[in-house]
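One-letter residues, chain by chain:
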Amino acid sequence: MNVLAIESSCDDTCAAVVQGDGQVLANVISSQGVHSRFGGVVPEIASRHHLELIDLVVLQALAEAGLSLDDIGLVAATRGPGLVGALLVGFSYAKGLAAAHRLAFAPVDHLQGHVAANFLRTEQGQFEPPFICLIASGGHTLIAHVREREGFEVLGRTLDDAAGEAFDKGARMLGLGYPGGAALERLAAGGDPAAFDFPAGGARPRAGMGVGRIEFARSLDFSFAGLKTALLYRVRELSESELATLAPDLAASYQAAIVDSLIARCEQALKVTGLERLAVGGGVAANGELRRRLASMGATVHVPAPILCTDNAAMIASAARFCSALAYPAYLPLDVYATGESAA
Amino acid sequence: MIVLGVDTATPATAVGLLLADGSTLEAHDHPAPGERPGHATRLLPLADRLLTEAGLQWDSLQRIAVGVGPGTFTGLRIGVATARGLAQSLSLDLVGVSSLQALARRALKEGQRGSVLAAIDARRGEVFAGGWSAAGELFTARALAPDDLGDLLEHQGPGSAFEHHNWLAVGDGAIRFRSHFEGRGIEVPSDASPLHRIRGADICELALDVESHRTDPVLPDYLRRPDAEIALQGAAG
Ligand SMILES: [Zn+2]
Numbered sequence: 001m002n003v004l005a006i007e008s009s010c011d012d013t014c015a016a017v018v019q020g021d022g023q024v025l026a027n028v029i030s031s032q033g034v035h036s037r038f039g040g041v042v043p044e045i046a047s048r049h050h051l052e053l054i055d056l057v058v059l060q061a062l063a064e065a066g067l068s069l070d071d072i073g074l075v076a077a078t079r080g081p082g083l084v085g086a087l088l089v090g091f092s093y094a095k096g097l098a099a100a101h102r103l104a105f106a107p108v109d110h111l112q113g114h115v116a117a118n119f120l121r122t123e124q125g126q127f128e129p130p131f132i133c134l135i136a137s138g139g140h141t142l143i144a145h146v147r148e149r150e151g152f153e154v155l156g157r158t159l160d161d162a163a164g165e166a167f168d169k170g171a172r173m174l175g176l177g178y179p180g181g182a183a184l185e186r187l188a189a190g191g192d193p194a195a196f197d198f199p200a201g202g203a204r205p206r207a208g209m210g211v212g213r214i215e216f217a218r219s220l221d222f223s224f225a226g227l228k229t230a231l232l233y234r235v236r237e238l239s240e241s242e243l244a245t246l247a248p249d250l251a252a253s254y255q256a257a258i259v260d261s262l263i264a265r266c267e268q269a270l271k272v273t274g275l276e277r278l279a280v281g282g283g284v285a286a287n288g289e290l291r292r293r294l295a296s297m298g299a300t301v302h303v304p305a306p307i308l309c310t311d312n313a314a315m316i317a318s319a320a321r322f323c324s325a326l327a328y329p330a331y332l333p334l335d336v337y338a339t340g341e342s343a344a
Numbered sequence: 001m002i003v004l005g006v007d008t009a010t011p012a013t014a015v016g017l018l019l020a021d022g023s024t025l026e027a028h029d030h031p032a033p034g035e036r037p038g039h040a041t042r043l044l045p046l047a048d049r050l051l052t053e054a055g056l057q058w059d060s061l062q063r064i065a066v067g068v069g070p071g072t073f074t075g076l077r078i079g080v081a082t083a084r085g086l087a088q089s090l091s092l093d094l095v096g097v098s099s100l101q102a103l104a105r106r107a108l109k110e111g112q113r114g115s116v117l118a119a120i121d122a123r124r125g126e127v128f129a130g131g132w133s134a135a136g137e138l139f140t141a142r143a144l145a146p147d148d149l150g151d152l153l154e155h156q157g158p159g160s161a162f163e164h165h166n167w168l169a170v171g172d173g174a175i176r177f178r179s180h181f182e183g184r185g186i187e188v189p190s191d192a193s194p195l196h197r198i199r200g201a202d203i204c205e206l207a208l209d210v211e212s213h214r215t216d217p218v219l220p221d222y223l224r225r226p227d228a229e230i231a232l233q234g235a236a237g
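First to last, the sequence lines map onto chains G and X.
With our numbering, the residue at position 258 of the first sequence is 258, and numbering never jumps.
With our numbering, the residue at position 76 of the second sequence is 76, and numbering never jumps.
Pulled out of the complex, with its shape left as it was, chain G reads as follows (with noise of 0.2 Å):
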C-alpha cells in the first residue's frame, strides 16, 4: 500500500510518497528560505507559504513517484506538535485531499515521525527496535527509548532551548546571522573546543523544582540556556578586536559543550537501558562534531541521510504505516495540536 503524507510543523512545506514496506517514491521538500531576514521562523509568513506551496508540492510528490491518488491507500499529515497555523495548512488539505476520495487517515506526531525515519529503506538499510534515539532539531531535543515501531518513551527532553535553537542563537551572538548553525560549525573548525570552558548543558538544576546540581546531572533532561548565557558574558568581555581573534575559539568551545552534553544523555540513556544501538535524527544530526562523536562511542549508531533527519514527509509516511488509521469519516473533525500529546 502506497502512503502519501504532508509535513507543515514549521518552515519547510513537505509531501512524500513511501511504499508499505518503507521504500521512498518521492520526498519533497520546499524549503521556504524566507525567514532569514527576520532571525527567525514568522509563524504568519511560514502559514502563508505553506498554503502557497501545498499543491505544487503534492502535485510533485505524486508526478514523482509515478502515481495518482487512485493509487494511494492512505493519507498521513503532521498534527503536531509544532506552529498550529503552520500545521492548520497542511493538515486540512491532507484531510480534504482524504475525505473526498473516501481514503484512510493518519494523524501522525512529528516526533515519531522523527523515530521513524529509521525505518525507511535506505542505502542504509532499516534500523530496527530496540534502540535509544536522539532528537535534535531548531524545533525539539529529546532523548526517547524505542521499543517498538508503533511509539517511544521519552527519557528526557530539554528543559529551555532546543539544540538547534543553542547553534543559531550562538551563532547570532557571534555575528553569523540566522539560520547560523551551520556557519558556527564552519568557524568552529578553525578554533580550540579547550580554549573556553562553558557549561555542558547539564549542569544548571531545573529553575524553581527543587532539583539539585547533581540530580539534574543524573536525569537525562537538557538546558542550554545557560550555555547560552554564559557565551553572551563571554563576547561582552571581549574588545570588538579580541572578539574577532577568539572568535574561532569561542565557537568551537560552545560546541563542544552542545555536542557533550548531547552525547553525556546518550551514553546515559544507553547505560540506563542497556541497550547498544542508537539512532540520531533532527537537523543537529548534520552537524560534523556531533557525527565524530558519535562514531567514536562505541555503540552501533545509525544515522538517517541528512534529507531524512529536517523535517520531511517521508518520516511521516514512515510512522503512518505503524500507527492505526481512521477510515473515513471518523477524521473529519480531527484538529491539530501546538504542544504534547493530541487531547483526545
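Just so you know, these hints were derived from the structure itself, not from any lab.
Just so you know, these numbers come straight off a predicted model, no measurement behind them.
Stretch by stretch, here's where chain G covers chain X in the computed footprint (C-beta under 8 Å, at least three residues):
(1) 75-84
(2) 221-235
Cβ-Cβ distance ranges computed for the label pairs, FRET-style:
(3) X:Glu35 with G:Ala264: 43 to 49 Å
(4) G:Glu153 with X:Pro31: 33 to 39 Å
(5) X:Leu219 with G:Gln23: 32 to 38 Å
(6) G:Glu153 with X:Thr52: 37 to 43 Å
(7) G:Asp71 with X:Arg224: 38 to 44 Å
(8) G:Arg157 with X:Ala54: 44 to 50 Å
(9) G:Asp197 with X:Ala32: 56 to 62 Å
(10) X:Gly136 with G:Pro306: 53 to 59 Å
(11) X:Ala143 with G:Lys271: 57 to 63 Å
(12) G:Ser324 with X:Ala32: 29 to 35 Å
(13) X:Ala231 with G:Gly151: 38 to 44 Å
For glycine and all other residues, C-beta sits at the position ideal for the given N, C-alpha and C.
Assemble the complex: chain G is given as a structure, and chain X with the ligand must be docked to it using the hints.
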C-alpha cells in the same frame, strides 16, 4: 451545476450545497462568544452531512467554492486549504469568492434597495469593509478604522455612486461598531439578524458567476501584510 461552498472568514463555519435544480442546502457552526472557532473541526463534518442529506457522494460535486475573506487569517487558511484538498482530490475547479460580497449579496437579495456596506471584524479596532449596490461593487475591499468610514463615503463627490444612497451595514464588523455606523446615518440590522452571517448558499451562487482559473491558485485575500514584514520595513526606515 452541483457546487459545494464553504466560508471561514469569521469565527463561524458556513457550508452550502447548491444542487442541480438550483436549490441549496446549508449548515453552519457559530461558536459562542469567547469560544474557539470550529473551522478545523466542523468544516468537513458539516460538508459530509450536507452530502448525506442530499443523497450525494463527494464525486457528485462539479465545483468547489470558498470564501477567500478578508477575515481571520488562520480561519481563511483552513477554509482554503481544505477546499484545495477537496478540489485536488476530485480534479475539480476551485473558485474563490469574496466573503464580503457574500454578505452584501444576501442583503441585496433580501430587498435592500440602497447600498450595502459589508463589514467583517478585522480586530485591532478595524473592519474589513466593501461596498455593493444592485449595480455592482462600489469600492474595493479594505481594512479601515470605523471612524475613517465616514470619510470614505463622504469624500465621493456629487454624481458619484455614493450620492443619495441609503446605506445598510451588515456583518460582525457592523455589529461590533454599530454606534460608529449609526452615527454616520448608516443603518445596521439588529444583532440577531441573519443578514450579519455569511451563508454557504451565497458562496455557492457567487461561484457560478465566476470563470474558474485552474492555473491560478486560490489564496486568501488577507488585505493585511504580516506584522513581521511591516516591522522589518519600519526598522529599515
Ligand atoms: Zn522536526
